[in-house]
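Novice: What follows is each chain in one-letter form.
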Amino acid sequence: MQNFDLLLLTAIIFLPATWAVPLLFFPKSAVEAMRWWTLAGTAITFGLTLVLWGKVDFSSPDMQLVVAVPWIEPWNIAYRLGVDGISLPLIVLTSGVCLLSMLASWSVDKQVKGYLILFLLLETGILGVFLALDFFLFFIFWEVMLLPMYFLIGVWGGPRREYAAIKFFLYTFVGSVLMLVAMLMLYFEGGYTFDLMRLAAIGEGRIDGLQFSRSFQIVTFWLLAIGFAIKLPVAPLHTWLPDAHVEAPTPISMILAGVLLKLGGYGFLRIALPICPYGTQAAAWALVGFGVFSILYGGLAALAQTDFKRLVAYSSVSHMGFVLIGLGCWKISEQTGMGVGLKHWEMGLHAALFQMIAHGITSTGMFFMVGVLYDRVHHRDLNRFGGIANRMPEYAGLAAVLFFAGLGLPALCGFIGEVFAILAVWNYSPLAAVLSALGMILAAAYVLWTVQRVYLGSEYHGPLAENLTALLPRERFVAYVLSILAIVFGVLPNLLLSRMQPPLHQLVIRMDEAYRGLHQVLASIGQAGGG
Amino acid sequence: MTFAELVAQWLQQGLKSPLGPFAPELVISAAIVGALLVRLGGFDRAIPAWFVALGGSLLALLLAVTGLDDVPRTLAVDDQLLFTGLLRLDPWAAFFRVYVLLFTALIVGLIVLTRLVDHEDNPDLFAMLLGATLGMLLMCSANHVLMLFLGIEMASIPSYAMTGFFKGRRQSGEAALKFAVYGAAAAGILLYGLSLVCGILGTADLQEFSPKLALIFGDAALGDRVAETRGLALGLILILAGFGFKLSLVPFHFWCPDAFEGAAAEIAAYLSVASKGAAFAALVRFLAAIFDPTIPAMASMGYGAGIVLGGVAILTATLGNLAAYPQTNLKRLFAYSTIAHAGYLLMGVAAWLVLLSSSLVRQDGTPAAQRALEGLVYYLVAYLFMNLVVFAATAMIRNQIFSEDLRRWSGLGASAPLLTGCLAVGLFSLIGVPPFGGFIGKLFVFSSLVDASSLHGIFWIVLAAGAINTVFSLFYYVKILRVMVLSPRSAETAGELNVEWADNSYLLMITIPIVVLGLAVPLVLPICQWAAGPWSL
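Residue numbers (the numbering used here), protein chains in the order written: chain A, 1346 to 1876; chain B, -5 to 531.
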């Protein structure tokens, strides 16, 4: 059984990369064959993640299918993998988004072979990050993801691709270097281990005689948090995002927005929070504060855009702000260190994770819809659209579903995450809740205005009007799948929420206990000093 | 020791020393003579000089590798001594001997592939190259200050000549002259420092350092023996300056960019890797001999020296990385990159020195100082391949388009995907991005900095500087790829690349180890642990 688990998890991670090897031997002219080959690879990977979904027992809060093979023994580094209710939805999201964006990759016809190879390497990197349970392995996959992305933006991107690519690389790399320092600090402080589960156990005070001190937790948390916040992204560290998303080709924008941003949130949930409970609590105000700032800043910036893709990019900044407030709304009583309304924080964590999945669906869909239009008329200027609904009614209908899901319309998936986050944060700070609700109004404003400018109106007056043809079967498939998912998760959020609940509940309980332990130490020192 | 005793000891030890362990050096010496004599009587029409050089270096490498098993893995130093203690063949020396010879063989292969020199000049270049190699081999195993100095000089003087090998080029001549003048001054300073230290200690034998220091200091603190302390400190500063020149540490680095720009890329690669490796080997051996942690005074002096070296390392890495950014000449850019990497490596040495004075151990009981050395060795191994790849790619591109100016390389990547891919791996490894060897090396060095930071807070600053520098270095390494891959061809672009299969396979051969070093760490780490084990130094 153990061997089967190892095989399955390894296959999920490395199947895409191995799938890329035969691509080297395809003749240059066999473009269509290479695309189908790659599509098959992403489809099989998606199938494997579904097998994984079937194998996991969602009622258990613990890590499952854990495998550990020693790798660099003198350094206590192992090839450690595993899944739980936190990572599995994200893994399936990743393989699904990769499959859909591969379908969208038919629009790429420059140096197809190189593109497909890098695409598959990228998928391996992302899946590896979500499955790794060893910090060292996590870091390696985190960086492996970076290299293909640099070239995918830089070679296949839009006019300012060089600038966008290096900016993306630089921002992420700064984050990684900080993470590297934090990783080394944890390795030495935690008794020479990179095992994330053990580090979390130490951080949560579940190992006798070993506990990260308060100041250590604060420093480590900030080092990790900056790295993850860049990825999430949190304003003001977000400036790489509009450039990268706008310049990247459509399928890569889909992966960037749909999956890569979630790595930041996942990093918080898997590493920063459990390992540094005290650091998290000490920084809760900052998480909520920057989250609210991101929501408002992203919304206002989206309102000001005239480039369709840039608008969607800024809307991502705004939506990911909800993830951050959900993660950070942990309120405690200063006197006792007891959690105040822990139920609400648990709800906030649910909201954050759900919002990541929901945004994975809606932003993938929105970028795809922009891409469909761009492929036809070769511009993205919002002021030169209008009347698309008359020319392409089916497309306009599907786009409306996805944009409204992004807006947070009830019964669509975007609503659940955002409303839960706002409700949860009310307990932490009513002001923050009111301000983030304002963010939802901004979202309504820019989405409705966009729908009006692009889809409504009498006639399209922009260039290349003759190209506005109906959706191709391939495009129709992607659009329908995403729209249906947006509706399904909007109506039945419990499909996901119930599966996330056990590990998130356990996380809240453990972090609360860990924090109380450290808080009481502080209080008793205070009393001893006073007495 | 009286003269008679000395003779008796020599008879006893010297005659006992077989020539077997010294075989690689002897083969190299024979190859030098062979390369020079092959021109006589027209032999070189049948056997070209490069053949002698390649064959000689490969045979020497083979002997050095097969000899690894015979290296005494013992704590009894006497078994490791050769030639009345002038040389010491411990795992450390044996490892670096293989390192230098491997690189020499690879460089000779590269020179043959790129046809750097014509038939007439062949013997001269290879005789000098092998001569420098011989010097470096002696540096690795020197156990006596005299041998150390001779080794350094034997390695340096052919390097000056090789830098100026293209007699017609003004730039080449200027570079060689600068290099030689700097080198001469550095040699003088080094010699002065060595004579001060040896004078105070009354011996030039590295094994005798520790007993003599114990005689001088005993359990006393540094402050109790002011005269000796002053003399030793002054001598050590001068010696470090001499080594600093070899290692191109700031502020002794000025020769490096000029020499690299003037020399051919192949020669620059040789200077950048082989001579760095040998110099680090010799530096660590010398420092280990003098900073004996069992003598309190020397332990505290080593601790201080470690902190000073940490500061020098910060300066070196930072200056190297910042100065590399505006360069457009590839060799000059890689010269600054070499300086930066000398800085990272020196961070490892500094951490090791500080850890040496403590009894800190890792989880499996290994002293942290030993772990620091292992990391340093791993870094050097990765550095060999990654630096060779970038210089080899530069040389191959130069052969095709006759330009080492980055501005003329734009859009070249598409016409040579394999070369560009290998170059990319080398550059990413130099930045320190996983899954390549450079990352593992950097991780090991950085982790010994974390270890050292528990002894002195300044190592947090060193670690921070290392981390920031890693980000700095991203700019100029990626700039090369940006120009080659992302930028379109421009009017300045010089021609097309048409890389031959031989060049491609050479590049592939040296790129694969970079990936292996990044992923199959358990394969290489035991070798580094063996080299840096307790039986060494």
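Since the hints were made in silico from the structure, they are not lab data. Note that this is a predicted model, so its numbers are computed, not measured. Any given hint might turn out to be false.
List time: in silico DSS-like cross-link candidates among lysine-lysine, alpha-carbon distance up to 25 angstroms [as the list claims (entries may be wrong)]:
(1) A:Lys1455 x A:Lys1373
(2) B:Lys473 x A:Lys1455
(3) A:Lys1512 x B:Lys172
(4) A:Lys1676 x A:Lys1688
(5) B:Lys172 x A:Lys1458
(6) B:Lys172 x B:Lys161
(7) A:Lys1373 x A:Lys1512
(8) A:Lys1455 x A:Lys1400
Novice: Evaluate each hint against the coordinates.
Specialist: So, going through the hints one by one against the coordinates:
no. : hint                  : result
1   : A:Lys1455 x A:Lys1373 : holds, 11 angstroms
2   : B:Lys473 x A:Lys1455  : holds, 22 angstroms
3   : A:Lys1512 x B:Lys172  : violated, 39 angstroms
4   : A:Lys1676 x A:Lys1688 : holds, 10 angstroms
5   : B:Lys172 x A:Lys1458  : violated, 49 angstroms
6   : B:Lys172 x B:Lys161   : holds, 15 angstroms
7   : A:Lys1373 x A:Lys1512 : violated, 31 angstroms
8   : A:Lys1455 x A:Lys1400 : violated, 40 angstroms
Checked against the numbered hints listed earlier, the structure breaks hints 3, 5, 7 and 8; every other hint is satisfied.
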